[in-house]
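Just so you know, the protein sequences line up as chains A and B, in that order.
Residue numbers for the first sequence follow my numbering, beginning at 1 and rising by one.
Residue numbers for the second sequence follow my numbering, beginning at 1 and rising by one.
Hint data in this document are derived by calculation from the structure and do not stem from the laboratory.
Note that the structure is a prediction, hence the values are computed from the model and not measured.
Quick reminder that beta carbons are idealized off the backbone N, C-alpha and C, glycines included.
Each hint should be verified, as a subset may be incorrect.
Said to hold, decoys possible - Below are the DSS-like pairs computed for lysine-lysine, each with C-alpha atoms no more than 30 Å apart in a straight line:
id	chain 1	residue 1	chain 2	residue 2
1	B	K216	A	K211
2	A	K37	B	K37
3	A	K251	B	K216
4	B	K216	A	K38
5	A	K16	B	K16
6	A	K84	B	K38
7	B	K251	A	K251
8	B	K384	B	K149
9	B	K388	B	K125
10	B	K204	A	K211
11	B	K16	A	K37
To be verified - A few chain A positions that, by computed beta-carbon distances, are all more than 10 Å from chain B:
id	residue
12	H62
13	K106
14	D170
15	L201
16	F255
17	Q327
18	A339
19	L347
20	A370
21	E444
22	H476
2 protein chains.
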Amino acid sequence: MSSEAIVEEFQEYIQKISHLEEAIGLMTWDLRTGAPKKGAARRGEVIGTLSSEVFQLSTSSHLKEMISHLNQEETWISLDEITKGSVKECEKTIRKFENVPADEFKAFIILTAQAEQAWEDAKDKGDFASFQPYLEKIVDYQRNYADWKGFKGNRYNALLDDFEPGLTTDTIDEVFTQLKEAIVPLVEKISKQNAPETNYLFKKFPVEQQKRFSRKILESMQYDFQAGRLDTTVHPFAIGLNPGDVRVTTKYDEFDFRTAVFGTIHEGGHALYEQNIHPSLAGTPLAGGTSMGIHESQSLFWENFIGRRFGFWEKHFDLLKEFAPGQFQGISLDEFYKAVNVAGPSLIRIEADELTYCLHIILRYELEKALINGDIEVTDLPEKWNEKMEELLGIKPSHDGEGVLQDVHWAGGAFGYFPSYALGYVYAAQLQAAMQKDLPQFEELISSGNLAPIKEWLTENVHQHGKLKDPLQILHDAAGEKIDASHLIHYLTDKYEEVYNLREQ
Amino acid sequence: MSSEAIVEEFQEYIQKISHLEEAIGLMTWDLRTGAPKKGAARRGEVIGTLSSEVFQLSTSSHLKEMISHLNQEETWISLDEITKGSVKECEKTIRKFENVPADEFKAFIILTAQAEQAWEDAKDKGDFASFQPYLEKIVDYQRNYADWKGFKGNRYNALLDDFEPGLTTDTIDEVFTQLKEAIVPLVEKISKQNAPETNYLFKKFPVEQQKRFSRKILESMQYDFQAGRLDTTVHPFAIGLNPGDVRVTTKYDEFDFRTAVFGTIHEGGHALYEQNIHPSLAGTPLAGGTSMGIHESQSLFWENFIGRRFGFWEKHFDLLKEFAPGQFQGISLDEFYKAVNVAGPSLIRIEADELTYCLHIILRYELEKALINGDIEVTDLPEKWNEKMEELLGIKPSHDGEGVLQDVHWAGGAFGYFPSYALGYVYAAQLQAAMQKDLPQFEELISSGNLAPIKEWLTENVHQHGKLKDPLQILHDAAGEKIDASHLIHYLTDKYEEVYNLREQ
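Please work from the sequences and hints to get the whole structure.
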C-alpha cells in the first residue's frame, strides 16, 4: 500500500470515529434535554453500543498499524500539520489504554455505573460508609491505572495528563500554594465586612422572560444561533457536535435569575470555543478543546471576568430591567454589581462564588493526590475533608452529604479532573491580562457592549487551534508566559477589596 | 460453534443494527425539527456513515453464514418465533440486494441524490425536460432492479414487494378498478352540488393555541407522552426510535388550523402503531410497521375514520372552541362537520381530500406499472399524466409543476411505493368494519371521547405484531377477509352522499 493510500485510509478512519462521536453526542444531548423517559434505558444501550465501537476503533491493531506506517520518517515528513496532530492524538488514546487489561477495564466500567447509583443514595443519606467499598475499588483501579499507564515523578501525574496534558503536580503544587496564601486571608477579611444587600435578587422573574434575556446575552457574546441552539436541562452543559452545531443548555429558577443568566454565560463560553475551532480540524480528533482547564478558562472568563464585571452591567443592566419589570426598581447599578458578586465561605462547590471556588478545588486536589499515592486511604476521607474545609474556608459540614459526598466525580472514576477547574481560573486571568495588552480599549468594549473584538481575540489565540496546541503552548503564544497564578490573585484581590470596601478602611 | 452460541451472536448482531438505526433515526428527527443549519451538511455525512454501516451489516457474508446455520433443520426447530421472524426479515433484505451489482447500487444512490436536486428545480419551473434524463436513468435502474431481484407474473411485483409484501398487480388491479368505478361517478355527482361553507375555517388561530389543542387531541387518542413528544417541522412525520420513544411532528398554519389538527391526528396514528409494538420485538428487525400500507391504514384510520367523523366532533368541537375563542361562534356542529369534509377534484395529491385521494394514487400506479414494464417511456409521462387526470378527476394541470412533477418519490427512486397510500385506505375501512363488529358501542365510544377501547383493538389486532404478520395475515386475523375494496366504497358513498345531501334529492 502506498503512503498516500495509508494517509487517505487513516483520514477516513478518524473521520468515522468523529462521525460516531457526533451521533453519541446528539443522543446524549437529547437524553438530557427532552427525550421521553420511557425510551431512556434503550437509548443508554444505543450509546453504549456506539461508544464501544469508538473504543474499539480508537485502540484497534489496524489503527496501530496505520500509525506505525505514518510514523516512518519518509512518510512523516510528507504529512501536513493536521494529520500529524491527529496521529499524535490517536497515539495518546492508544497509550492511555495500551497496558490496561481488557477485563479490568470492563469491570471498572461496570463498577462506576454501580458506584454512581450507590453514591446517590449515600449522598442523600449522608452515609459515607455505604459508599466506601465502591470508592475503595475505584481508587484501587486508579492507582493501578496510573501504574499501567506510567508517569514521571508523582504517580498522580498519570491521571492529570488525561485532563491537563503537560501539567504536573510540581507545577500545580506551586500554583495552588500561591492561591491559598492569597485567597484564604482575603476570604477571612471579607467575612468580617457587611455583605451587599441581595434580597431583591430572589423575586419572581418569569421563566419565559429569563429565556428571552438568556438568548439576548448569548447574542451579545457572539454566540452563533445559526450554528447552535439553547435548551433547558437539569445539569447545564454545552456540547459541540460539529463546528456548525454547538448547543448550549441552561436551567431556570423562577426565584433566582442568576442560575440561568450566569449559567448561560458560562456554557456560552464553552460553546464559543467549540463554535470557533478552525473548520479544517472538523472530523479529526483535534476538533475539540485542548484540555479541561483551557475549556474551563473560556467558560469562566465569560461568566466572571466579563459577566460579573461592572462594565458588563453598565451595558446590560437596563436590558435586564426590561425583561424583569419592577424587580430592580430603585436599585443602582453599583448595588446590583455588588449583589451579584457577593462572596464568602460555603460548603458546596457548585454553589461557591468566584473568590472561594479555587479553595474547594485545592481541597479535592490535595485529597486525590494523597489517595492516589497511598498517603491516605478512602476510610480517612471524611475526616480529612472536614479538617481541610476548616483550614481553607473556616467552616465544617454538618454531615458527609454536604461534605465529602457532594460531588459525583469520584463515583464516576474521574480522578485528576478537579484541578482543571481551578487551572481554568488561573488561565482565564492570564488570558485576560494578555488581552488587555492587545486591546487597550478592553474596558470600553465591555461597557459599550461591543464584545466582538474580545471574542475574536479568544478565537485567534485559543479557539481556532483546537487540540493543535496544548495548554502551555496556548499560554505561551497568547500571553508569552508559563502558568502563573499572580494574575488571578491580583484580579481577585482588586475586585473583592472593592466589592467589600476594604480599601476605604 | 454451538447452535446456542450462534443464536446469541445473531441476536447481538441484529441488536447492533437496531441500535445504529435508532441513532440514524434521532439524527434525522433532529435535522427536521431544529438542528442548526450550519451543522446540517456534516450531520448528513454522519447519517451517511452510519447508514452504510447498517447496509454492510445487513448484507454481510458473516450474517449470511449465521443465517445458513440457523436455517439448518435441527437448529431452526429450536428457535422461538421472534428469532425465526428476525431471520426471515434479514433474508428479505439480503435477497433485495443479493444480485444488485455493487457499482450499480452505488451509482444509483448518487443518481437519486442528484435527481432530487434536479427535480426541485424542474418542479419550480414546470420544466419536465430538464428532469427527464435523470428519471430515465432511474427507471432503467428500477427495471433492472426488478430483474435482478426476480418476480412472479408482472415485473412491477418485484417493486411492490419491497413496500407491500404479499400484494401483486393482479390484486391491486382488481381493487383499484373497483375503487375507480365507485369513486369517479361519486366525485362527478358531488361536483354538481353546492359545497359546504368553509370561509370561517381560515380565520386566525394563534399557533400557541393550536399547539395546546394538538396535544389534547393526541392525549385523547391515547398517545403516550411519556414515550414520545410533539415538535414542529416543515414536512410532518412520525418516527419510532424505540417503543419507548416515538415522536410526532406537525406544522402550524395560523390561518388554516386543519393543517395542524388533521396532520397531528394522522401522524399520531402512525405513532400509536410504533408505540404499541410488543416490547419483545424491540431491538429486532420485526420492531416496525409490517408494511407501508398497514402503517398508512393506521394514520388514515385516525385522521379520517375517527378525526373527520361527526361523532368525534360531538365530543371535541367544544374543546376546539375553547382553544380558538370566537372563531366558531354561531357555527353549528353539523356545519363544522361538513366544512371539514369538503371534497372535490384538485390537482395536488398531498392537498387532496379523503374522497378523491385514491384517484391520485391510482393514476400514479397505472403510470408506474406501465413504465416498469416498458409499455410507456419517461418521455410519454407528462401527456399520459394529464390524460389520466382528466379521465379520473376531470381536471388538467396548467403546467407540469402541478402535474407529473409534483411528487419527490420518483426522483428519490421510490417506485412501487405509491399504491400503499391507497391500500392504506382500503385496509383502514376493512379494519373499521371488523372493529365495529367487535365493539358494538363503537359510535358511542367516539362521540363520548372514550377512544381507549379503539386504540386497544388496534393494538391487539395490528400494532403489537410488528412485522411478525404480513399485511394479508393482519387482515385475515383481524377481519377474516382478504383485501376487499367494498368497505371503503360503502364508507365513502355513505359519507359523501350525506355531506353533499345527495340522498335527499
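Cross-check of the supplied hints:
no.	hint	result
1	K216(B) to K211(A)	holds, 25 Å
2	K37(A) to K37(B)	holds, 27 Å
3	K251(A) to K216(B)	holds, 27 Å
4	K216(B) to K38(A)	holds, 20 Å
5	K16(A) to K16(B)	holds, 17 Å
6	K84(A) to K38(B)	holds, 27 Å
7	K251(B) to K251(A)	holds, 27 Å
8	K384(B) to K149(B)	holds, 28 Å
9	K388(B) to K125(B)	holds, 22 Å
10	K204(B) to K211(A)	holds, 26 Å
11	K16(B) to K37(A)	holds, 22 Å
12	H62	holds, 16 Å
13	K106	holds, 16 Å
14	D170	holds, 41 Å
15	L201	holds, 30 Å
16	F255	holds, 25 Å
17	Q327	holds, 25 Å
18	A339	holds, 35 Å
19	L347	holds, 36 Å
20	A370	holds, 42 Å
21	E444	holds, 31 Å
22	H476	holds, 32 Å
Every hint, counting from the list given before, is met by this structure.
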